[in-house]
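Protein chains in written order, with this note's numbering: chain A, 2 to 178; chain B, 49 to 280.
It is worth saying that the hints were derived from the structure and are not from the lab. This one's a predicted model, so the numbers in the text were calculated from it and none came from an experiment. One thing to keep in mind: the hints can contain errors.
In silico contact screen, one side only, chain A against chain B (beta carbon under 7 Å); selected entries [as the list claims (entries may be wrong)]:
| hint | residue |
| --- | --- |
| 1 | 32 |
| 2 | 33 |
| 3 | 77 |
We put the CB at the ideal spot given by N, CA and C, even for glycine.
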Amino acid sequence: MARFIYERHPMKRLYLRWGGILAVGFLIVILSAQRYYRDVYSLTPDLILSRPPFGTVRILGMVEAGTLVKETPSNQARFSLSGNGQRIPVLYQGNRPDDLRELKTLVVIGQWDGSNRQFLAHEMDLIPNYGFITTAYLIMLPMGLFLFMMEHRVLLLYNKIKESKIYEPEVGSLDEG
Amino acid sequence: MIRMIRKYEDWFGVAGGICIAVGLYLGLAASPPDYYQGEVVRIMYIHVPFASTSMTAYFVMTAASLWYLWKRNPIVDNMAHATAGVGVFFTAGALFTGSIWGKPTWNTWWTWDARLVSFTILLLILIGYLMLRTFIEDKEREARYAAVLAIVGAVDLPIVHFSVEWWRTLHQPLSVSPRGIAIAGAMLFPLILMSAGFYLILTYMVGVRTQMLYLQQLLEAKKGRLLGEVHL
Numbered sequence: 002m003a004r005f006i007y008e009r010h011p012m013k014r015l016y017l018r019w020g021g022i023l024a025v026g027f028l029i030v031i032l033s034a035q036r037y038y039r040d041v042y043s044l045t046p047d048l049i050l051s052r053p054p055f056g057t058v059r060i061l062g063m064v065e066a067g068t069l070v071k072e073t074p075s076n077q078a079r080f081s082l083s084g085n086g087q088r089i090p091v092l093y094q095g096n097r098p099d100d101l102r103e104l105k106t107l108v109v110i111g112q113w114d115g116s117n118r119q120f121l122a123h124e125m126d127l128i129p130n131y132g133f134i135t136t137a138y139l140i141m142l143p144m145g146l147f148l149f150m151m152e153h154r155v156l157l158l159y160n161k162i163k164e165s166k167i168y169e170p171e172v173g174s175l176d177e178g
Numbered sequence: 049m050i051r052m053i054r055k056y057e058d059w060f061g062v063a064g065g066i067c068i069a070v071g072l073y074l075g076l077a078a079s080p081p082d083y084y085q086g087e088v089v090r091i092m093y094i095h096v097p098f099a100s101t102s103m104t105a106y107f108v109m110t111a112a113s114l115w116y117l118w119k120r121n122p123i124v125d126n127m128a129h130a131t132a133g134v135g136v137f138f139t140a141g142a143l144f145t146g147s148i149w150g151k152p153t154w155n156t157w158w159t160w161d162a163r164l165v166s167f168t169i170l171l172l173i174l175i176g177y178l179m180l181r182t183f184i185e186d187k188e189r190e191a192r193y194a195a196v197l198a199i200v201g202a203v204d205l206p207i208v209h210f211s212v213e214w215w216r217t218l219h220q221p222l223s224v225s226p227r228g229i230a231i232a233g234a235m236l237f238p239l240i241l242m243s244a245g246f247y248l249i250l251t252y253m254v255g256v257r258t259q260m261l262y263l264q265q266l267l268e269a270k271k272g273r274l275l276g277e278v279h280l
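When you get a sec, could you build the whole thing from the sequences and use the hints?
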């Protein structure tokens with residue numbers, strides 16, 4: 002069957018192959034998106050206040066100036082995290098509290114304490130910058146298009162040469178490949 | 049040569065496609081973020097392969113140009129021409145992804161850094177090569193002049209490669225060099241896969257484009273457009 006398609010319908014073979022490539026590309030996009038929403042996606046302080054979450058979440062925001070208080074012996078830090086015009090109080094207890102600085106934008110990971118209306122963070126992370134990553138990988142699209150256009154053009158040229166009356170079999174003919 | 053390209057090109061295409069698909073999955077979904085750069089380190093898996101393959105493409109173009117000047121085989125000239133077309137895409141891709149990576153890490157899209165400038169010159173040489181080929185009517189002269197330009201432009205290759213060692217630059221030095229490997233294994237594997245995939249796809253693309261240029265010339269020659277100056 003594959004041989005029949007290859008020999009009789011080279012254009013169909015081209016479209017089938019590129020359909021497969023698109024399907025694989027789509028699968029990779031889905032897997033990457035799943036991983037993004039599982040491990041990287043961050044909420045903002047306004048979302049935390051409007052819809053208090055359950056379980057461990059990530060919050061992206063900026064450490065408000067003049068709010069950072071570090072308690073060295075207990076490895077704790079208190080500060081306000083702001084974003085989208087809202088701010089929430091954060092109690093951080095974890096590694097590297099020295100990395101916390103005022104006006105620094107970061108991600109804190111922890112749980113929302115509804116009774117005290119504060120966020121209990123145990124870990125912090127860098128800004129994911131996923132927009133940059135997505136934009137960089139989007140170059141695969143023109144690359145694929147460039148390759149597709151070249152393959153398409155080659156097939157058209159082969160067909161043109163074969164179908165036209167100017168075609169004459171030569172030594173080392175193209176058909177032999 | 050064209051028959052040989054037709055016979056083996058699919059293997060390169062399929063192998064390259066598999067390497068890139070697995071490399072993309074590992075790079076985007078399975079590899080860990082970097083301690084200092086965080087998630088944005090994932091741009092490395094596409095930027096480094098683009099950069100290394102574009103330099104290889106130029107090297108191949110130079111070798112094909114030397115070969116052409118020696119043997120005057122027009123299909124070799126087609127290959128050099130094809131490599132330049134594909135090389136422009138890969139070189140522009142390296143600059144584009146590098147600029148995007150530079151913004152979150154260096155806080156700038158562009159800086160007058162030795163590596164960036166020498167790489168941009170490489171892109172300009174490739175564009176100049178392609179432009180030269182469109183300006184000259186005589187096919188034989190076009191191929192000869194283009195080959196000379198490619199060989200002269202190859203001076204930029206060692207400058208690009210050693211720029212991070214010769215000058216104090218913002219661009220990081222080589223992570224994989226004879227001095228050792230300065231990259232974690234979990235990040236090295238997807239990087240190797242993506243690089244292998246890009247090399248295979250580069251070979252495939254050059255093969256396809258070489259055929260395309262050859263067939264265009266064949267068609268024109270058959271139609272008698274190049275009477276008396278058929279360059280086949």
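Consistency of the hints with the structure:
1. A cut of 7 Å between beta carbons decides the hint on residue 32 of chain A: the least distance to chain B is about 5 Å, and the hint holds.
2. Hint on residue 33 of chain A holds. Least Cβ distance to chain B is approximately 4 Å, under the 7 Å limit.
3. Proximity of residue 77 of chain A to chain B is violated relative to the hint, the smallest CB-CB distance being about 23 Å (cut-off 7 Å).
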